[in-house]
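Since the structure of chain A is provided, determine the placement of chain B on it from the hints.
Letter by letter, the chains look like this.
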Amino acid sequence: MSLTANDVNKIAHLARLGIDAQDTESYAKDLSGMLDLMTQMSELNTEAVEPMAHPMDQAQRLRPDKITEENNRDKFMSIAPQTEDGLFLVPKVIE
Amino acid sequence: MHTKSLSELSHGLQTGEFSSVELTQAFIKRINQHQDLNAYITVTEELALQNAKAADARIANKKADALTGIPVAQKDIFCTLDVKTTCGSRMLDNFSAPYNATVIEKFNQAGAVMLGKLNMDEFAMGSSNETSYYGAVKNPWNTNKVPGGSSGGSGVAVAARLAAYATGTDTGGSIRQPAALCGITGLKPTYGRVSRYGMIAYASSLDQGGPMTHSAEDAAIVLQTMAGFDPKDSTSVDLPVPDYSVNLNQPLKGLKIGLPKEFFSADLNAAMATKLSEAIDEYRKLGAEIKEVSMPNLKLAIPAYYVIAPAECSANLSRFDGVRFGHRCENPVDLTDLYTRSRGEGFGKEVKRRILMGTYALSTGYYDAYYLKAQKIRRLISDDFKRALTEVDVIMGPVTPTPAFGIGEKMSDPVEMYLSDIYTIAINLAGLPALSIPAGFINDMPIGLQVIGNYFTEAHLLNIAHQYQQVTDWHKQTPKGFE
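Protein chains in written order, with my numbering: chain A, 1 to 95; chain B, 1 to 483.
So here's chain A without its partners, still in its complex pose:
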């Protein structure tokens, strides 16, 4: 299995991840190497095997519906790159 530079650009777009144009080929090569490693998995028949998502196979724990969090809004806003009037600022989305 090998990926092209074009594939890499598509995946990077899905991940909203900027990669330098001059590095695209090397990512394509590295990812193809990783995919070669992964083809080993297809040697094994796993048809009847239940997938394992979690080591303990535990169900999500429920808790009483009570407010336990403190209000840390100011603290959390203070570490944001850009804020105004209690809002996070981003470039204009709607013209």
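In case anyone wonders, no lab produced these hints; they're calculated from the structure. Hints should not be assumed to be uniformly reliable.
Below, computed lysine-lysine pairings styled on DSSO-like, alpha-carbon distance capped at 30 Å [claimed, not checked]:
hint: 1; chain 1: B; residue 1: Lys84; chain 2: A; residue 2: Lys75
hint: 2; chain 1: B; residue 1: Lys84; chain 2: A; residue 2: Lys29
hint: 3; chain 1: A; residue 1: Lys75; chain 2: B; residue 2: Lys106
hint: 4; chain 1: B; residue 1: Lys261; chain 2: B; residue 2: Lys410
hint: 5; chain 1: B; residue 1: Lys410; chain 2: A; residue 2: Lys10
hint: 6; chain 1: B; residue 1: Lys349; chain 2: A; residue 2: Lys10
hint: 7; chain 1: A; residue 1: Lys29; chain 2: B; residue 2: Lys410
hint: 8; chain 1: B; residue 1: Lys106; chain 2: A; residue 2: Lys66
hint: 9; chain 1: B; residue 1: Lys145; chain 2: B; residue 2: Lys29
hint: 10; chain 1: B; residue 1: Lys106; chain 2: A; residue 2: Lys29
hint: 11; chain 1: B; residue 1: Lys145; chain 2: A; residue 2: Lys75
Estimated spans, in silico, between C-beta atoms of each pair [said to hold, decoys possible]:
hint: 12; chain 1: B; residue 1: Ser294; chain 2: A; residue 2: Met56; range: 34 to 40 Å
hint: 13; chain 1: A; residue 1: Ser26; chain 2: B; residue 2: His11; range: 53 to 59 Å
hint: 14; chain 1: B; residue 1: Lys232; chain 2: A; residue 2: Pro91; range: 30 to 36 Å
hint: 15; chain 1: A; residue 1: Asp20; chain 2: B; residue 2: Pro242; range: 49 to 55 Å
hint: 16; chain 1: A; residue 1: Asp20; chain 2: B; residue 2: Ala369; range: 26 to 32 Å
hint: 17; chain 1: A; residue 1: Ala59; chain 2: B; residue 2: Lys291; range: 31 to 37 Å
hint: 18; chain 1: B; residue 1: Asp368; chain 2: A; residue 2: Asp23; range: 40 to 46 Å
hint: 19; chain 1: A; residue 1: Gln22; chain 2: B; residue 2: Asp238; range: 49 to 55 Å
hint: 20; chain 1: B; residue 1: Leu49; chain 2: A; residue 2: Leu44; range: 53 to 59 Å
hint: 21; chain 1: B; residue 1: Glu45; chain 2: A; residue 2: Gln22; range: 38 to 44 Å
Idealized CB from N, CA, C, for every residue including glycine.
Quick look at chain B alone, frame taken from chain A:
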């Protein structure tokens, strides 16, 4: 002072032989002397001295715990309130955590003194501590060699005695591998035993924090503080925490040790095989019975892990969007540009590789072939361990294929780097506890012996490690120049 065990340090503090302030100053002096190792990202000297003064007052009031007043260094993956928390990444170079991780809270309650935050592979992705934005960490046994990763700074801080003990986290070997390569003791607890709250996530179904120390005896004391149910962590396991120190001296007569034939195949480096068989002979002398076990699916652990971990990482790291915290690019033209450039500038090459791999594995049309397939193989590997652990009490094997390799040696080929995780990652897939203990030297570089146990048998693993450390002195060796 810096060569003492944790119980000796605690005794010294409580009998007034030295104060916590003196002890803290002694470690800070050593940190400053050995800055070239690059073990610390941030040294919190002022905070440490404040903590030490408070600890001295607590000791004077006879309210000391086992760790009160003893200096610890934290892997920079644990969020520390109002202290820079970088996870080894440019993305978080400007990030001061707005809350404490549960593990940090527990150390604070115990009266521990935090010396600072330790270097690590970026977002814990790496096996050599070379992917850190803050530069490679050097192994004190030979400064041209890597310390292992991702908890490389932790391994070095303990080995070079720049802290009395340290914390690490282990997603695919990141506690055990640096412990082995730096000649110290490292324990990865059972998944769910130590809270992940405030521990910056890499692969959430695999990540687990644990102690990195000089000895199993010290690790038992540190784990006692770290372990326990945490309602803030949805995968924390609600089971009582046993006393990890009380059974350290149990004799090992009749202990059944399994050696997976897949670990001891012809692929295993000959010098490593010799050292491990010497270690296992020590266990024989202690009365253990040795048995071969088989885990036929072990060889698929690497491909399964390098699908599952990147898939989880691509989801976890989507939170770094340049909007709420962390790095933001200059003058974004629109929202997509803001996300794309902030992430592109904030993440290093290895992190990008894994985000790309994970995004691909989870994308439409590939999910079944990669992610689902890997989860099925995860089940088979876990079943292999479960089966083997009905035949034997513990499994032993290598931690790494070789002693520490050279800085720069494996950076050009990521797959070759991934293959060095062969002996550790299957344990994370199964969620089992395992530890690494020093088991000798090859060409003057330390190597580790891995001991793997059943779920929640940390106390037994520590007992098994401690008994070995009563009849060997590998764990007492100190690199030259760091005595």
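Problem set entry | Holds or violated: lysine 106/B to lysine 29/A, with C-alpha atoms at most 30 Å apart | Violated. Lysine 106/B to lysine 29/A sits at ~45 Å, over the 30 Å cutoff.
For this session: Return holds or violated for the Cβ distance of serine 294/B and methionine 56/A against the range 34 to 40 Å.
Result: Violated - the Cβ-Cβ distance for serine 294/B and methionine 56/A, about 25 Å, lies outside 34 to 40 Å.
Problem set entry | Distance restraint between lysine 410/B and lysine 10/A, which requires alpha-carbon spacing of 30 Å or less | 28 Å, holds
Exercise. Within a Cα-Cα threshold of 30 Å, do lysine 106/B and lysine 66/A meet the stated pairing?
Worked result: 24 Å, holds
Problem set entry | Given hint lysine 410/B paired with lysine 29/A - CA-CA distance at most 30 Å | It holds: about 16 Å lies between the C-alpha atoms, which stays within 30 Å.
For this session: May I ask you to test the hint 40 to 46 Å on the CB atoms belonging to aspartate 368/B and aspartate 23/A?
Result: 30 Å, violated
Exercise. Quick one, are lysine 261/B and lysine 410/B close enough, alpha carbons at most 30 Å?
Worked result: At roughly 27 Å apart (the allowed maximum being 30 Å), lysine 410/B and lysine 261/B satisfy the hint.
For this session: Mind checking the hinted window 49 to 55 Å against the Cβ distance between aspartate 20/A and proline 242/B?
Result: 52 Å, holds
Exercise. In this structure, is the beta-carbon distance linking alanine 59/A and lysine 291/B contained in 31 to 37 Å?
Worked result: Holds: the Cβ-Cβ distance is about 36 Å, inside 31 to 37 Å.
For this session: Mind checking the hinted window 30 to 36 Å against the Cβ distance between lysine 232/B and proline 91/A?
Result: 34 Å, holds
Exercise. Between serine 26/A and histidine 11/B, is the Cβ distance one that fits in 53 to 59 Å?
Worked result: 55 Å, holds
For this session: Verify the proposed pairing of lysine 349/B with lysine 10/A, using a straight-line Cα cut of 30 Å.
Result: Roughly 17 Å between the alpha carbons, so the hint for lysine 349/B and lysine 10/A holds.
Violated hints, listed in ascending order, are 2, 10, 11, 12 and 18; each of the other numbered hints is respected by the structure.
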